[in-house]
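Undergrad: Take a look at the letters that make up each chain.
Number of protein chains: 2
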Amino acid sequence: MNAEIIAVGTELLLGHTINTDAAYVARELSDIGVNLLFSSTVGDNPERLHAAVKQALSRSDLLVTTGGLGPTEDDLTKQTVAQAAGKKLVLHEEILKEIEAFFKNRPGACGENQKRQAWLPEGSTVLANVIGTAPGCAFETDAGKIVIMLPGPPSELIPMLHHEAVPYLMKREHASIVSKNVHVFGKGEGQVAEMIDDLVQGANPTAATYAKDGEMFVRVTARAETPEEAEQMCAPLVQEICSRIGDCVYGVDAESLEELVVKELSARGMTIATAESCTGGFLAKRLTDIPGASAVIGTGVVTYANAAKEKLIGVPHAVLETYGAVSSETARAMAEGVRRLAGSDLGVGITGIAGPDGGTAEKKVGLVYLALSDGKTVLVHKIPGANRNRTRDWIRYTAASRALDMVRRYLEGISLTEGSPEDGTGLFPVE
Amino acid sequence: MNAEIIAVGTELLLGHTINTDAAYVARELSDIGVNLLFSSTVGDNPERLHAAVKQALSRSDLLVTTGGLGPTEDDLTKQTVAQAAGKKLVLHEEILKEIEAFFKNRPGACGENQKRQAWLPEGSTVLANVIGTAPGCAFETDAGKIVIMLPGPPSELIPMLHHEAVPYLMKREHASIVSKNVHVFGKGEGQVAEMIDDLVQGANPTAATYAKDGEMFVRVTARAETPEEAEQMCAPLVQEICSRIGDCVYGVDAESLEELVVKELSARGMTIATAESCTGGFLAKRLTDIPGASAVIGTGVVTYANAAKEKLIGVPHAVLETYGAVSSETARAMAEGVRRLAGSDLGVGITGIAGPDGGTAEKKVGLVYLALSDGKTVLVHKIPGANRNRTRDWIRYTAASRALDMVRRYLEGISLTEGSPEDGTGLFPVE
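Those protein sequence lines, which keep their order, are chains F and V. Start counting the first sequence at 1; every next residue gets the next number (the UniProt record's numbering). Start counting the second sequence at 1; every next residue gets the next number (the UniProt record's numbering).
The following block holds chain F by itself, in its conformation from the complex (with noise of 0.2 angstroms):
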């Protein structure tokens, strides 16, 4: 089946919204197989959609438009796609019963343009809005070809997207797909490429690498006639390529590891402490990002200054004199002080360079030293100064990235890579 996406929307089209509802259509519909050969942008202009639309429902055997679907004047597809297609609108009842109940318990009135929305070209599927009043909808033309109307708020489109229009597509071709996100970190896309090269060839289950913030994660989708047998499709690729990458695979359909960690933790019982210095706050605001973070985490210290890690967390002025502030011995002492000044079970400290100034020739920008530290020992990880051109932004997000991750591992009770005393980095003893 071949596709096409045409959003509609004057602030899309000048650039003051940034386009993320066709990429979500986008991904949605490869992954069911649906060959995507064009996407455009229209501005609320009735003359130049209605010639757009024409144009995709000329080539192309389903069209998804998405915006334009609300109470205001300027929302104009379900008129303009109605009129292309040669459908009329017509009322639902049980629509407008629903936007009229919407309004019951909110201000402002329920007016002649809200109850616009509960018009749709005939014969349509409607496609329930969980979110918001405006419903989208699906139909097919007389020539055969597929409609589908989304609305144009993300929040809106997406559960939509999910839920109502993809569901819509499997039902006509009786069949179900399933995807399986295996997460990763701390190995780059192209190795992990390299590692699964033969089971990306497949055409059913798929399996497909992306990289995302200095993480990647491989896809697997499987089509079926039920979503049982397409889970049971994925399983055993979803398991070969978990066994090949081993333990840098962190969650299969995992949130984040920020997530994964916060829900370990208060799984055990566990609490957490945190001392930043080149990631000033990063660390602990990604912790907290999470709610319920307060059962896991009750104190951080962005211990940005030297005197600010003797005063606060107890390094002491010989080691940061000694091994200066960015060194394995420093982390150490933030990891360990900032566990005993919260009476934690565990303590991270992370400093290093974030630039883009502060490098030197012996240490560079992008040298991070991370710590994590129980009370016994403290195990500490270096990440060397980048070689390429990293950004500040990059540089701390990876570095918190990679603290949350020793987290996992340490909980996970995965054996260490084993460390080297030059690099200052292994297992040393709590002093």
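Simulated from the structure, these hints should not be mistaken for laboratory data. Do not take every clue at face value.
Chain copies aren't distinguished; within one or between two, either way the pair holds.
Unchecked claim - Restricting the straight-line Cα-Cα distance to at most 27 angstroms, the calculated cross-link-like pairs of lysine-lysine (DSSO-like) are:
1) K376 x K311
2) K145 x K54
3) K104 x K364
Take the given structure of chain F and dock chain V to it, following the hints.
TA: Relative to chain F, chain V alone:
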């Protein structure tokens, strides 16, 4: 001049990369008065790209393509566009020399593929690439249509667009464009739009409002023969807008609140310390996003737990017991407590309910108290519980923004709107 954009790349079409290039190009084009009609994305497919280029050249005066200029096999924009526009590719010797020089000091050889980048459509103006090896180009078709080709990576596209492509277009039109952004915190886009309603009607200079991340800005753009003239045309309008909006304007062409605060503190030789509960390190993270932040922030604490508030920064147990962790009194004690701990000039305290859980009828999700102490007095602000469905992220981000804005107002000596004793807001003596 009517224009359209074609973004080339299978990764864009399939949604693996979000198409931000089109938004950058659209904004710059609309800033210089170009009328954008369509924006589309095609994969790395020569037939479909050829058809899309043909269509664009038949209906628009200007075509801007993004992507597909690199050295790999699927980089086919130049050949395909040149063919569709009826132009031969010719070798540019000086580009070839630059590409060879680029590879002299780098690993990897300068192969034939790399050298292909030195071939451009005949009659092209070369658009320099200050980041990568693939140059862009601009040329005119025999039918008088303008074609501009830009590289895909945003780090290469953005400077080429701004410093090469836009001046190319302006030179053709014997015109210059200048834009000024008036940055506003503390008033919504709707409020500001009403205040400057009559000022957004003009055609040259233009003024338009934009919302972004809980802030808004007004962009003023003028078009004239020289940049100086355009600058002079902007000035009175910018001044009038600033004077109407008043002290909620935090800067013209300012980078961000955090950058402004770090610069202003640094210029005054002042230091700041942060004590965060609901924001969990987000404020410290945003301050330390700014290179050079170490001059102004040495210490921050994340006192997520009550015990941490007491132990680290001396919030009295009685205050927590009597007023609760989310209260004006706790925020005040946090601000002054962290200031004393750090020995800094200023201390900021933030405590609130970020949600999604933890709200009560009295203290709703979104309620945040912010305090700023200079050792003599403490200023307290309150963000009331959100009525609308704000996310945890949004509540945390805007709370940090509000704290930054408090510091800005303090430094600029902006007199306070009066607080209210029942609310716990206003100025209090340090206890």
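Undergrad: So, for every hint listed, does it hold in this structure?
TA: Going through the hints against the structure:
{"no.": "1", "hint": "K376 x K311", "verdict": "both (23 angstroms within a copy, 24 angstroms between copies)"}
{"no.": "2", "hint": "K145 x K54", "verdict": "both (11 angstroms within a copy, 25 angstroms between copies)"}
{"no.": "3", "hint": "K104 x K364", "verdict": "between (62 angstroms within a copy, 22 angstroms between copies)"}
Of the numbered hints listed earlier, not one is contradicted by the structure.
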